[in-house]
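Asker: As they're listed, the protein sequences go chains G and C. So in the numbering used here, spot 228 of the first sequence is number 260, and the numbers just go up one at a time. So in the numbering used here, spot 202 of the second sequence is number 205, and the numbers just go up one at a time.
Don't take every hint at face value.
Claimed, not checked - In the SDA-like style, the derived pairs of lysine to any residue whose C-alpha atoms are separated by at most 25 Å in a straight line are:
1. G:K238 with C:D240
2. C:K73 with G:K80
3. G:K238 with C:T21
4. G:K238 with C:M225
5. C:K113 with G:P250
6. C:K73 with G:G241
7. C:K78 with G:V100
8. G:K80 with G:V59
9. C:K121 with G:K288
10. C:K22 with G:T374
11. C:K78 with G:E244
12. G:K238 with C:G138
13. C:K221 with C:D43
14. C:K113 with G:Q35
15. G:K238 with C:G142
16. C:K113 with G:L292
17. C:K145 with G:E244
18. G:K238 with C:N68
19. C:K78 with G:Q35
20. G:K238 with C:G63
21. C:K74 with G:M33
22. G:K288 with G:R402
23. C:K73 with G:P250
Unchecked claim - Where chain C lies over chain G, by a calculated footprint (3+ residues, C-beta under 8 Å):
24. 35-42
25. 236-245
26. 248-259
27. 281-293
Derived by calculation from the structure, the hints in this document are not laboratory data. All C-beta atoms, glycine included, are put in the ideal place defined by N, C-alpha and C.
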Amino acid sequence: MRQIFYLVQKEFRQIFRDFSMVRILFVVPLIQIFILGNAITTDVKNIKVIFQDQDKTPYSREFISKFVHSKYFIITGFEEDYTRLSSYLDSGKASLAIIIPRHFQRDIVLQKKPDIQLLVDGVDGNSAGVSLGYITDIVQKYQERLMEYSPELSLQVKNVRRIEMEPRFWFNPNLESKLYIVPGIIALILLIITLFLTSMGIVREKEIGTLEQLMVTPIRSYQLVIGKIIPFSILGMLEIMISMGFVYLIFGIGVKGSLLLLLFESSIFIISTLGLGIFISTISDTQQQALFVAWFFMIFSILLSGFFIPIANMPPVIQHITRLNPLRYYIVILREIYLKGTSIKDLIPETLSMVTFSTCLFLAAVIRFRKKLG
Amino acid sequence: MMLPIISIKNFSKSFGGTKAVASLDLEVEKGELFGLIGPDGAGKTTTIRTLVTLISPDSGEIFVNNLDVKKDVRKIRSITGYMPQRFSLYPDLSVNQNLVFFANLFDVPKREIAERKKRLFQFSNLEPFAGRLAGQLSGGMKQKLALSCTLIHNPVVLILDEPTTGVDPVSRNEFWTILKELKKEGVTILVSTPYMDEAVKCDRVAIMHEGMVLARGKPETMTASFQNRIYKLAGQDLIKHINSIALIPGILSVQSFGDSLHLTLPDNQAKENIRGKIKNILGRSFQMEPVEPSLEDLFIALIEGKSRNGN
C-alpha cells in the first residue's frame, strides 16, 4: 500500500513538473469545446442558390422572395443561359440551381401544374436531403399564400379535411445541434486525454529505461499498474469537470440530471480507456508507436460511437461491432444525463454494457501487462 | 549446501532462433569484484538480466545468495542492486527525489533514509546537486546517481551492466574507485565491461564470446598462463602492410595498437624466420621486441582461435 502511494506521488511530481502538462489539461478542452462546439453542426445553413427565372412575372418574383427571406439560403445570382447553370454547380459557386419555367404565372392562374426544376449538388447527400426539405417547406408555404388570392379556392380547401401537424421537439426545442454535439465532445476529450496519457506515460518509462529499474524493485506488477492508474483517473475526472465548466461558461449548457451519476458513469468509462492505454503500452516500444496505435484506436472508437454517424444508419454487421465500443454507451449516457436528466433507472442497460466491456478490456490489458513484465 | 553467492550452472537462453547464452557455468564468491568481459552480443546482458530476474532462463540452475531466480524472485530483488546499461532514473525528478523514491520502493525505513543518503553522498559528492533535476546532471554524475539509487537499500550483491560505457575517462576512474570502496565494505560486485583496462581492476574475470565463457580466472594468472608469444613491431608505415604481414605462415594474428603492431606467434622458434619475411615486405628496418601479453592480447587470441576452430 505504501509503495502505491509513492508511485502516485512520483507520477504527480512528474506531471506537474512540466508546465505543458497543465496547459494540455486546461487549454485543450477549452479550445476543443469552443471551436468544435460551434463548428460541428448538422444544421444545414447558408445554402447557395442560383436562379433562372424564365417567367419574370410577379408570381415568379414572389416565389424567389421566399428564398431571400429564408435564413437557410443565400442567393448567389441569376443566370439567363441554361447551359451555363451547370458550371455553377461544378465550381461550387452554388449547390442548388432553381429553374422557374416560362408561363409559370399563367399556368398557376389557369390551374395547370407548373413544374419547377431543381438541380442539386448531391456530393454531400445529407445536406442535399436537408435542403430539399427546406425547399418543400417553402413551396408549401407559397401555395398556401396563392390560395389567399382566390377566395373561392381557399373556401374549398377549408372544407377538405386536411391533417395539420403540430410538432413539438422535446429536450432540444429549437433543434440546435450544439446541444447534441457538446456532450459528445466532452466524451471525446476524456477519451483522448486518458488514452494518450496512460499509453504514453508507460511507454515513456519503457523508453528511458526506468520501467526496467522499477521491475527489479520488490514492488509487484499490480502495484505498478495501480500506481499508474490512480493519477491518470484523477486527471481524467479533473478533466471532465473542467470541460463541464467550460461548456457551461461558453454555451450556457448545464447538466440537467445528477452530477454525481454523471461522474460515476464517467469513472466506469475511464476504466476502459485506461485499460486500452495499458494494452497499447504492451504492444509499443516507443512513444511514437504508442501515439500511432492510440490514434488508430481513437479514430475507430469515435467513428463507431454514433457521435458523427448514427449507428442505426450503419450496416447490421458494423452495428454489432459498435456494441464492443464503450464510447458508444458513454456518449448516449452523457447526452441523456446532460439534456434529459435521465436517472440511473433508465440507463441500466447502457451502464451494464459499459461496465462489462470496460472491466473485460481492463483485465485483459493488465494481464497482458503483467505477462510482459514477468 | 552452501553455494557461492552467485552460482550459475548449465544456463541457456535463446531469443527466437538465436542462442544468446549456451550452457554457461559461472561462480562468484562472496566479497569478490568479478568482471564479465566480452564484445557486444557475447551474452553478458542476457546473463545479467537473468540474474536479476528480469528474464527467465530456458534451462539451468541459477542461484543468488542461495535463492533460486525462478522461485524467489522478490527476495532476490530485495537483496540485489542492479544498474542497467542505459542510465535509467527519472530525468524530471531531482537527485534527492530519485534517491528517496527508490528508497521507498525498497521499503527502507523512513528514519534510515537520511542517514543512508548522507553516506552515499560521501562517496558520490552529489550533495551540492541534491536539488538539481537528474536530467541536468553530467554523464559521470548521472552514473554516480544511478549507482547510489541501486545502493540505497544496502544490497548484498551489486550487479552492473556496462556501467561506464559512454562515460568520460576521469569519471570512469572515479567510478571504479567507488566500486573498490564498496568491495572493501563487503559488497559482492558483478560488473560487465567491454573495456580491457577495467577488466584488469577485477579480482577475477570471465571472458565471454557468443554465449560461452572462453576463459576465466585472475587477470594476472590468465595472462601469465598465456602460451603464445607476443611481439611488438615498431617502425614506419606498418599499418599499410598489416594484411601482407598477416599472411606470413606461422603468425597466429596481427593486431594494430596505435602506430605499432602486435604479432602473436605460437612460440619463439620461428621468430628469426618471420623477422626476415617482414623485412622483405617492408623493405626497411624495424624493431621487433617481445612484450608481456595483456588481457587484450589474450582476449583477441581466444576469440580468433574460436572463430578459426568454428570455420
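Asker: Take the hints in turn and mark each one as holding or not.
Answerer: Taking the hints in turn, this is what the structure says about them:
1. G:K238 with C:D240: Status violated; Cα separation ~49 Å.
2. C:K73 with G:K80: Not satisfied, since the Cα-Cα distance of roughly 74 Å exceeds 25 Å.
3. G:K238 with C:T21: Judged against 25 Å, a Cα distance of about 24 Å means the pair holds.
4. G:K238 with C:M225: The given pair, whose Cα atoms are some 40 Å apart, is violated under the 25 Å limit.
5. C:K113 with G:P250: holds (17 Å)
6. C:K73 with G:G241: This hinted pair holds, its Cα atoms lying about 23 Å apart.
7. C:K78 with G:V100: Status violated; Cα separation ~83 Å.
8. G:K80 with G:V59: Given pair G:K80, G:V59 is violated - Cα atoms ~36 Å apart, limit 25 Å.
9. C:K121 with G:K288: Cα-Cα ~58 Å, so violated.
10. C:K22 with G:T374: violated (62 Å)
11. C:K78 with G:E244: holds (17 Å)
12. G:K238 with C:G138: holds (16 Å)
13. C:K221 with C:D43: holds (22 Å)
14. C:K113 with G:Q35: Judged against 25 Å, a Cα distance of about 13 Å means the pair holds.
15. G:K238 with C:G142: holds (20 Å)
16. C:K113 with G:L292: violated (39 Å)
17. C:K145 with G:E244: holds (17 Å)
18. G:K238 with C:N68: Judged against 25 Å, a Cα distance of about 29 Å means the pair is violated.
19. C:K78 with G:Q35: Given pair C:K78, G:Q35 holds - Cα atoms ~16 Å apart, limit 25 Å.
20. G:K238 with C:G63: Judged against 25 Å, a Cα distance of about 28 Å means the pair is violated.
21. C:K74 with G:M33: Cα-Cα ~23 Å, so holds.
22. G:K288 with G:R402: violated (42 Å)
23. C:K73 with G:P250: holds (15 Å)
24. 35-42: Result for this restraint: holds, n = 4.
25. 236-245: holds (count 5)
26. 248-259: holds (count 5)
27. 281-293: Violated - the region 281-293 of chain G has 0 residues with a Cβ nearer than 8 Å to chain C, which falls short of three.
When each numbered hint is compared with the structure, violations occur for hints 1, 2, 4, 7, 8, 9, 10, 16, 18, 20, 22, 27.
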